[in-house]
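Here the protein sequences line up with chains W and B, keeping their order. Here the first sequence stands for residues 0 to 171, where the numbers follow numbering that gives the first Met the number 0. Here the second sequence stands for residues 0 to 171, where the numbers follow numbering that gives the first Met the number 0.
None of these hints come from the bench; they were simulated from the model. Given the structure is predicted, the values throughout are model-derived calculations rather than measurements. Careful, some of the hints might be misleading.
Since the list gives no way to pick out one identical chain from another, each pair is judged satisfied if it fits inside one copy or across any two copies.
Mimicking BS3-like on lysine-lysine, the simulated pairs with C-alpha atoms at most 27 Å apart in a straight line are [said to hold, decoys possible]: (1) K118 x K5; (2) K58 x K117; (3) K118 x K12; (4) K58 x K118; (5) K16 x K106; (6) K118 x K72; (7) K79 x K152; (8) K117 x K12; (9) K124 x K12; (10) K112 x K124; (11) K117 x K5.
There are 2 protein chains.
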Amino acid sequence: MDSTIKSLLSLFKGKNKYLHYYLAGFVDGEGSFSVAIIRHPDQKFGWMINPCFQVYQHKNYREILELYQYVFKTGKIYRKSGTHNVLNYSIDSRRNLLEKVIPFFDKYPLITKRDAYKKFRFIVKEMEEKKHLTKKGFDKLVTIAYSMNQQGKGRKYSLEYILSEPKLNNKV
Amino acid sequence: MDSTIKSLLSLFKGKNKYLHYYLAGFVDGEGSFSVAIIRHPDQKFGWMINPCFQVYQHKNYREILELYQYVFKTGKIYRKSGTHNVLNYSIDSRRNLLEKVIPFFDKYPLITKRDAYKKFRFIVKEMEEKKHLTKKGFDKLVTIAYSMNQQGKGRKYSLEYILSEPKLNNKV
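Next up, chain W with everything else stripped away, as it sits in the complex (with noise of 0.2 Å):
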């Protein structure tokens, strides 16, 4: 184990749970869960739908993010795009959000994002269950996804403009 991650351990007296309690703390600050909807022709509706779970900090506090890489056993860190400073930790693959993200934050709790954690979590598991695969069960999701993080504030597409039918999606 790296001696950073040993010594910050330290901190917990050696105590998982105070440690996942203080994490959960930190990603209510800084964390997020966003589902984006990237535009992508081969997927059945014109659309990718992409869950991620992320937290973000200053260069200089890279230790902390690693502290989750340590606990999830997962994820990247990058520096944030169009930024210099902040790097971006980050997983999205719906295995690990799966098996790792959703059973942590459903033990240990989280307050200002926990509307936001709540549809992640029920967009991911309607994923996992293919329901995404049907048009009605698409259309849901979306919806849902832009309706969490304001309200699909600051979003390329309107939800009109993605709910509308594929074929015409297609052509443009």
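With the hints as your guide, set chain B onto chain W.
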């Protein structure tokens, strides 16, 4: 007890310890330990040293600030000046910093704000021992304050200006 607070507490299985680790993590994300140096002609060297613990949050999540208020049994919540949507939970009385905030963060660890907290703690304790009332002590504490939170970036006055002779300052 307020019903919102009651329902938040239930997330932590009735264990204050879990709640406190969570709150420490949240402060590492959204809190600040700062020491303002404020012009004040009545003070010995023309300046007041004002340590302040704060937590910020969007007004939609006021409940988490109320949770700090519940835990610390003190502190004010108000709208951050110049912003519409951000609330600020703040403790700046030296008594409360010494008796509530410092014992809390001595026990529950910080990671990203650990260095700022250590300097903050040092300044508050030195002030309690009246060290800021000698020119040497004053200069030392102001210098430490200016080394916190991005080395005094965004400060109105330069460190040199504040440390210059008090009589000179008072004339300006």
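Going through the hints against the structure:
For a Cα distance limit of 27 Å, the shortest separation of K118 from K5 across copies, 24 Å, qualifies, whereas the shortest one inside one copy, 34 Å, does not. Proximity of K58 to K117 under the C-alpha cut-off of 27 Å is restricted to the inter-copy arrangement: shortest distance 20 Å between copies versus 29 Å within a copy. Taking the shortest Cα distances, K118 and K12 sit within 27 Å of each other only across copies (23 Å), while inside one copy they are farther apart (34 Å). Taking the closest pair of Cα atoms, K58 and K118 come within 27 Å of each other only across two copies (21 Å); inside a single copy the shortest separation is 30 Å, beyond that limit.
Taking CA atoms no more than 27 Å apart as the test, K16 paired with K106 passes in both settings, with 10 Å inside one copy and 15 Å between copies. In this assembly of identical chains, K118 and K72 lie within 27 Å of each other by CA distance solely inside one copy; the values are 24 Å within and 34 Å between copies. For the homomeric pair K79 and K152, the shortest alpha-carbon distances inside one copy (19 Å) and between copies (23 Å) are both at most 27 Å. In this homomeric assembly, K117 and K12 come within 27 Å of each other (Cα to Cα) only across copies, at 19 Å, whereas the closest approach inside a single copy is 31 Å.
Taking CA atoms no more than 27 Å apart as the test, K124 paired with K12 passes between copies only; the shortest distance there is 26 Å, against 35 Å inside one copy. Taking identical chains as interchangeable, the C-alpha atoms of K112 and K124 lie at most 27 Å apart only when both belong to the same chain, with a minimum of 18 Å there against 35 Å between chains. For the homomeric pair K117 and K5, the shortest alpha-carbon distance between copies (20 Å) is at most 27 Å, but the shortest distance inside one copy (32 Å) is not.
When the structure is compared with the earlier hints, no violation turns up for any of them.
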